[in-house]
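S.K.: Start from the sequences, fold in the hints, and give me the full structure.
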Amino acid sequence: KFQQPWKDIFTNQLLGGNFIISIENCNVKKDCNFTRDAINTYNSWKDKAAAANQATVNHCIWDNNRITDIGSQLRCEKLISKNVLYVSQFLNDNGELLSYMPFIRKWNILGMDLPTTDYASYKLAIRRFHNPSSRTSNISLVDPEISLSYLTNSLRTQVVINGTCITVNSKKIRDKMANLDTPDLLTPIKVWENSLKARNPNFNFVWSTVFNNLFYKSTNHHKLIQSHYKILHRISTSRYMRHKMGIDKDGNICSLCDSGQLETLDHIYLECSVTTDFLSQVSNFIINHIDLSYDDTARSSLLTLSHPDPCVNFINISSTWFLSRSFQTKRTPMFPVFLQTLKGLLLGEKQIISQPMENILSSELGLDSATRLLR
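Heads up: the sequence shown at position 307 corresponds to 307 in our numbering, and the numbers run straight through without jumps.
Treat the hints loosely; a few may be bogus.
Claimed, not checked - DSS-like cross-link-like pairs, simulated, lysine-lysine; straight-line CA separation at most 30 Å:
{"#": "1", "residue 1": "Lys-217", "residue 2": "Lys-230"}
{"#": "2", "residue 1": "Lys-176", "residue 2": "Lys-330"}
{"#": "3", "residue 1": "Lys-197", "residue 2": "Lys-123"}
{"#": "4", "residue 1": "Lys-223", "residue 2": "Lys-106"}
{"#": "5", "residue 1": "Lys-350", "residue 2": "Lys-217"}
{"#": "6", "residue 1": "Lys-230", "residue 2": "Lys-176"}
{"#": "7", "residue 1": "Lys-106", "residue 2": "Lys-78"}
{"#": "8", "residue 1": "Lys-106", "residue 2": "Lys-82"}
{"#": "9", "residue 1": "Lys-244", "residue 2": "Lys-217"}
{"#": "10", "residue 1": "Lys-197", "residue 2": "Lys-217"}
{"#": "11", "residue 1": "Lys-197", "residue 2": "Lys-230"}
{"#": "12", "residue 1": "Lys-244", "residue 2": "Lys-197"}
{"#": "13", "residue 1": "Lys-106", "residue 2": "Lys-190"}
{"#": "14", "residue 1": "Lys-330", "residue 2": "Lys-230"}
{"#": "15", "residue 1": "Lys-249", "residue 2": "Lys-223"}
{"#": "16", "residue 1": "Lys-123", "residue 2": "Lys-223"}
{"#": "17", "residue 1": "Lys-244", "residue 2": "Lys-330"}
{"#": "18", "residue 1": "Lys-223", "residue 2": "Lys-78"}
{"#": "19", "residue 1": "Lys-350", "residue 2": "Lys-230"}
{"#": "20", "residue 1": "Lys-82", "residue 2": "Lys-223"}
{"#": "21", "residue 1": "Lys-78", "residue 2": "Lys-330"}
{"#": "22", "residue 1": "Lys-244", "residue 2": "Lys-223"}
{"#": "23", "residue 1": "Lys-190", "residue 2": "Lys-223"}
{"#": "24", "residue 1": "Lys-176", "residue 2": "Lys-197"}
{"#": "25", "residue 1": "Lys-123", "residue 2": "Lys-350"}
{"#": "26", "residue 1": "Lys-230", "residue 2": "Lys-123"}
{"#": "27", "residue 1": "Lys-78", "residue 2": "Lys-244"}
{"#": "28", "residue 1": "Lys-123", "residue 2": "Lys-249"}
{"#": "29", "residue 1": "Lys-217", "residue 2": "Lys-176"}
{"#": "30", "residue 1": "Lys-223", "residue 2": "Lys-330"}
{"#": "31", "residue 1": "Lys-330", "residue 2": "Lys-197"}
{"#": "32", "residue 1": "Lys-223", "residue 2": "Lys-197"}
{"#": "33", "residue 1": "Lys-78", "residue 2": "Lys-249"}
{"#": "34", "residue 1": "Lys-78", "residue 2": "Lys-230"}
{"#": "35", "residue 1": "Lys-190", "residue 2": "Lys-330"}
{"#": "36", "residue 1": "Lys-82", "residue 2": "Lys-123"}
{"#": "37", "residue 1": "Lys-230", "residue 2": "Lys-244"}
To be verified - Estimated spans, in silico, between C-beta atoms of each pair:
{"#": "38", "residue 1": "Arg-199", "residue 2": "Gln-355", "range": "29 to 37 Å"}
{"#": "39", "residue 1": "Lys-249", "residue 2": "Thr-276", "range": "24 to 32 Å"}
{"#": "40", "residue 1": "Asn-284", "residue 2": "Arg-199", "range": "18 to 26 Å"}
Worth flagging that the hints you see were computed from the coordinates, not collected in a lab.
All values reported here derive from a predicted model rather than from experimental measurement.
Positions of the beta carbon are idealized from the N, C-alpha and C atoms, including for glycine.
M.R.: Right under this line is the structure:
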């Protein structure tokens, strides 16, 4: 075992090295070109080692903790079944990431087997892995064939209205919801309003403004918007609903606290002691860095995203998504993990949010400017 740095080992003494190993005193096969070059010239060894060990195209994309979508490892059984396993298979002949349509044509994949939003997540994960310090001012620029605005891909659903068959486009659903003057008349909104008023009798919000802010101001990340939209419409997942549907066979009681209460949406976001502990840390973080007077014990800001500071709304919409994922995976939400997740979510975020949040998180996490983005 050599104690000297590699450069000292392979560099000639005239150049300041020890030159401990030479071609004459090593048993090297003549056909071992890599080894011969490495021993004769350090720079050649260094370049080839870097090319062999760091070339991103040689890495498997699935179940790789270095290639992730906002901290979650990637896996797509349809692509795996077609033997699409490596980063190199997502590239064109020029070494650039393929856009959506060329990719599905190249591997003969049906659009219904690979949603555009899923493919966008794969491209973003590869991009972060290949260049962790890269910044994107607009996440939609990652692939011009994929719109990452909330609910723009077709639901492939048709309804018959007055004898006419009409295709229901999810973008139309979003626009109709955003333009609805009285969303408070919808049953799930009424339920949330009653729950929030029980916690704060003075609760009074214009729900049409809530949905407009959700769709157009809260974040650029479609996953966060979609998750929060489902929560407001009470179609988000919970153990109670999964048990009713026969998915969770073990029961319908909250798996994270010892209250013995049903794990309903109200329990997850308003009642669970685990959520309360997590959100108290979130509130302290906001108080320390953004708003000294912040108080959301009633959870109204959390659910309506109504705070005047966009960074607070970004933190809250990220919190509801993080809580949903934590309860679904039956893992206690950890605040340090949440901070790292926030760091990753800043890629492609609105500048009015990303710039101040990067400074705040860098200070909180103790990172220097060279490591500001999630590795």
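S.K.: Does each hint hold? Answer for all of them.
M.R.: Going down the list of hints, with the structure as the test:
1. At most 30 Å may separate the alpha-carbon atoms for a hinted pair to count; Lys-217 and Lys-230 meet this at roughly 17 Å.
2. With a CA separation close to 35 Å, the supplied pair Lys-176 and Lys-330 exceeds the 30 Å bound.
3. Restraint check for Lys-197 and Lys-123: not satisfied, since their Cα atoms lie roughly 43 Å apart, outside the 30 Å limit.
4. Proposed proximity of Lys-223 and Lys-106 is supported: the alpha carbons are some 27 Å apart, at most 30 Å.
5. As the CA atoms of Lys-350 and Lys-217 are separated by approximately 9 Å, the hinted pair is consistent with the 30 Å bound.
6. About 16 Å separates the Cα atoms of Lys-230 and Lys-176, which keeps this hinted pair within 30 Å; it holds.
7. For the proposed pair Lys-106 and Lys-78, the alpha carbon gap of about 14 Å is at most 30 Å, so the pair holds.
8. Taken as a hint, the Lys-106 and Lys-82 pair is honoured in the structure, with Cα atoms around 11 Å apart against an allowance of 30 Å.
9. For the given pair, Lys-244 sits about 35 Å from Lys-217 by alpha-carbon distance, which is inconsistent with the 30 Å threshold.
10. Between the alpha carbons of Lys-197 and Lys-217 the distance comes to roughly 25 Å, so the proposed pair stays at or under 30 Å and holds.
11. Restraint check for Lys-197 and Lys-230: satisfied, since their Cα atoms lie roughly 20 Å apart, inside the 30 Å limit.
12. A hinted pair counts as satisfied when its Cα atoms are at most 30 Å apart, and Lys-244 with Lys-197 qualifies at roughly 28 Å.
13. In summary, the hint linking Lys-106 to Lys-190 is not supported, as the alpha carbons are separated by about 48 Å, beyond the 30 Å threshold.
14. Taking the CA atoms of Lys-330 and Lys-230, the gap is about 19 Å. The hint holds against a cut of 30 Å.
15. For the hint pairing Lys-249 with Lys-223, the CA-to-CA distance comes to about 27 Å; that is within 30 Å, so the pair holds.
16. A distance of roughly 15 Å separates the Cα atoms of Lys-123 and Lys-223; the hinted pair therefore holds under the 30 Å criterion.
17. Straight-line distance between C-alpha atoms of Lys-244 and Lys-330 comes to about 17 Å, which keeps the hinted pair within the 30 Å bound.
18. With a C-alpha separation of about 21 Å, the suggested pair Lys-223 and Lys-78 falls inside the 30 Å cut-off, and the hint holds.
19. Taking the CA atoms of Lys-350 and Lys-230, the gap is near 22 Å; set against the 30 Å cutoff, the hint holds.
20. With a CA separation close to 26 Å, the supplied pair Lys-82 and Lys-223 stays within the 30 Å bound.
21. For the hint pairing Lys-78 with Lys-330, the CA-to-CA distance comes to about 27 Å; that is within 30 Å, so the pair holds.
22. With a C-alpha separation of about 25 Å, the suggested pair Lys-244 and Lys-223 falls inside the 30 Å cut-off, and the hint holds.
23. Between the alpha carbons of Lys-190 and Lys-223 the distance comes to roughly 24 Å, so the proposed pair stays at or under 30 Å and holds.
24. A distance of roughly 27 Å separates the Cα atoms of Lys-176 and Lys-197; the hinted pair therefore holds under the 30 Å criterion.
25. The straight-line distance between the Cα atoms of Lys-123 and Lys-350 is roughly 19 Å, inside the 30 Å bound, and the hint therefore holds.
26. The straight-line distance between the Cα atoms of Lys-230 and Lys-123 is roughly 25 Å, inside the 30 Å bound, and the hint therefore holds.
27. For the given pair, Lys-78 sits about 29 Å from Lys-244 by alpha-carbon distance, which is consistent with the 30 Å threshold.
28. Distance restraint check for Lys-123 and Lys-249: the Cα-Cα separation of roughly 35 Å exceeds the 30 Å cut-off, and the hinted pair is therefore not satisfied.
29. With a C-alpha separation of about 17 Å, the suggested pair Lys-217 and Lys-176 falls inside the 30 Å cut-off, and the hint holds.
30. The suggested pairing of Lys-223 with Lys-330 holds, with an alpha-carbon distance near 20 Å, which does not exceed 30 Å.
31. In summary, the hint linking Lys-330 to Lys-197 is supported, as the alpha carbons are separated by about 29 Å, within the 30 Å threshold.
32. Only pairs whose Cα atoms come within 30 Å are accepted, and Lys-223 paired with Lys-197 is accepted, the gap being roughly 28 Å.
33. Note on Lys-78 and Lys-249: the hinted pairing holds, with a Cα-Cα distance of about 27 Å set against a maximum of 30 Å.
34. The suggested pairing of Lys-78 with Lys-230 holds, with an alpha-carbon distance near 26 Å, which does not exceed 30 Å.
35. Taking the CA atoms of Lys-190 and Lys-330, the gap is near 29 Å; set against the 30 Å cutoff, the hint holds.
36. Our distance criterion of 30 Å between C-alpha atoms is met by Lys-82 and Lys-123, whose separation comes to about 18 Å.
37. Between Lys-230 and Lys-244, the direct Cα distance comes to roughly 18 Å. Compliance with the 30 Å bound is thereby established for this hinted pair.
38. At about 33 Å, the CB distance of Arg-199 to Gln-355 agrees with the hint of 29 to 37 Å.
39. Roughly 28 Å separates the CB atoms of Lys-249 and Thr-276, a value that falls within the hinted 24 to 32 Å.
40. For Asn-284 and Arg-199, the Cβ-Cβ distance of about 20 Å falls inside the hinted range of 18 to 26 Å, so the restraint holds.
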